[in-house]
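Visitor: Based on these hints, arrange chain B on the given structure of chain A.
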Amino acid sequence: MHELSIAMSIVEMAQEEAERRGSARVQVVHLRLGLLSGVVKQALLSSYEMACEATPLEGSHLLIEEIPVEVFCPQCDAPRQVSSIQWFCCPECGTPTPTVLHGKELEVVALEIIE
Amino acid sequence: MSSDSLQTPRLVEVRKNVLKYNDVIARALRERFRQAGVLAVSLVSSPGSGKTAFLEKTLTLLYPRYRVAALVGDLATENDAARLARSRAPVKQIITGTVCHLEAAMIQSALEGWDLNNLDLLFIENVGNLVCPSSYDLGEDLRFVLLSVTEGEDKPLKYPTIFNSADVAIITKSDLAAAVEFDETAAKHNIQAVRPGMQVFKLSAKTGEGMTELLDFLESHRARHRAAGAKNSDFAGSTSSDSPIATGN
Numbered sequence: 088m089h090e091l092s093i094a095m096s097i098v099e100m101a102q103e104e105a106e107r108r109g110s111a112r113v114q115v116v117h118l119r120l121g122l123l124s125g126v127v128k129q130a131l132l133s134s135y136e137m138a139c140e141a142t143p144l145e146g147s148h149l150l151i152e153e154i155p156v157e158v159f160c161p162q163c164d165a166p167r168q169v170s171s172i173q174w175f176c177c178p179e180c181g182t183p184t185p186t187v188l189h190g191k192e193l194e195v196v197a198l199e200i201i202e
Numbered sequence: 005m006s007s008d009s010l011q012t013p014r015l016v017e018v019r020k021n022v023l024k025y026n027d028v029i030a031r032a033l034r035e036r037f038r039q040a041g042v043l044a045v046s047l048v049s050s051p052g053s054g055k056t057a058f059l060e061k062t063l064t065l066l067y068p069r070y071r072v073a074a075l076v077g078d079l080a081t082e083n084d085a086a087r088l089a090r091s092r093a094p095v096k097q098i099i100t101g102t103v104c105h106l107e108a109a110m111i112q113s114a115l116e117g118w119d120l121n122n123l124d125l126l127f128i129e130n131v132g133n134l135v136c137p138s139s140y141d142l143g144e145d146l147r148f149v150l151l152s153v154t155e156g157e158d159k160p161l162k163y164p165t166i167f168n169s170a171d172v173a174i175i176t177k178s179d180l181a182a183a184v185e186f187d188e189t190a191a192k193h194n195i196q197a198v199r200p201g202m203q204v205f206k207l208s209a210k211t212g213e214g215m216t217e218l219l220d221f222l223e224s225h226r227a228r229h230r231a232a233g234a235k236n237s238d239f240a241g242s243t244s245s246d247s248p249i250a251t252g253n
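Quick mapping for you: the protein sequence lines, in order, are chains A and B. Heads up, the first sequence is in this note's numbering, so the first residue is 88 and it goes up one at a time. Heads up, the second sequence is in this note's numbering, so the first residue is 5 and it goes up one at a time.
Bound conformation, chain A alone:
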């Protein structure tokens, strides 16, 4: 259960960004979360609330966009979304592929702030 320390990093990062913009108040943090990031969405959401307590971000929301796993299929020569993370193969032609293009994201993409 490492979601709390990740949530604390998110809060810290958002706080730094807000301070750089003249102590703006953060209302929403937008996060991209890959299905292969090793972080569980629900656990991160509840940890976020805890991590915000007694910080300037208290009361803010974490908005998570889940990023599906995209692999490169050498047979089709194209990026493909896997249908399950238990089966790393092309959903079109069935070729197994270890090349992951997307799905490991754990990225703060934007903030909604009140200046």
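By construction, these hints were calculated from the structure, which means they are not laboratory data. Just so it is clear, CB atoms sit at the ideal spot from N, CA and C, and this is done for glycine as well. Relax, there's no trap hidden among the hints.
Label-pair ranges, simulated between beta-carbon atoms: (1) Ala80(B) x Arg108(A): 36 to 46 Å; (2) Trp174(A) x Thr81(B): 36 to 46 Å; (3) Ala80(B) x Asp164(A): 45 to 55 Å.
Partner residues aside, some chain B positions facing chain A, computed with beta carbon under 7 Å: (4) Leu23; (5) Cys136; (6) Arg199.
Guide: Quick look at chain B alone, frame taken from chain A:
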């Protein structure tokens, strides 16, 4: 606070990796390992799958010919470091307290005072956990994921993220395979499903079965890693005097 709701919030772009701090340190560690010609190998698995037994055996077999060392992470106790020290290789315990995984900064501080130029291989045993360690790059060159025959063949399907993040899978406790009716074909099939093309070794630290193949792999990988490091380095050749006795350099 109520005045906030009257204002329209402004959307500002950030685009920052949450684990950036860890990744920056991990990259620096990888570069240090490359420059010193050290092959860094991390081990991940669930608790009790035989990481420490495997590592003790590996260190003991490599120690006479290579300069090996290990860092071992646990929530508490120094028991594993004491076990590994029997191999006579330098070992340092990292006590993580309540943290369920190792992070790059912990590796960095554990290495303080160690001259990497005097090492050939460094093993990093992560905390027994198949979930959290997958998110953290430790600067290692290779990540081994261990799966014991007593755990069940579907472990890779239950924890696809960590298996996908690893470079090599090691099936441990092979001496118990028959007793627990371990289905090797199913286990290998499941490993390939979550990480196509992954190299798999099957061994027993207790009987030594399969250890030769694993050591051969480590030795050839280390030689390639060292050659690539020397080729890319501005200081090519500067570490040749530190080469292991076995290579005859």
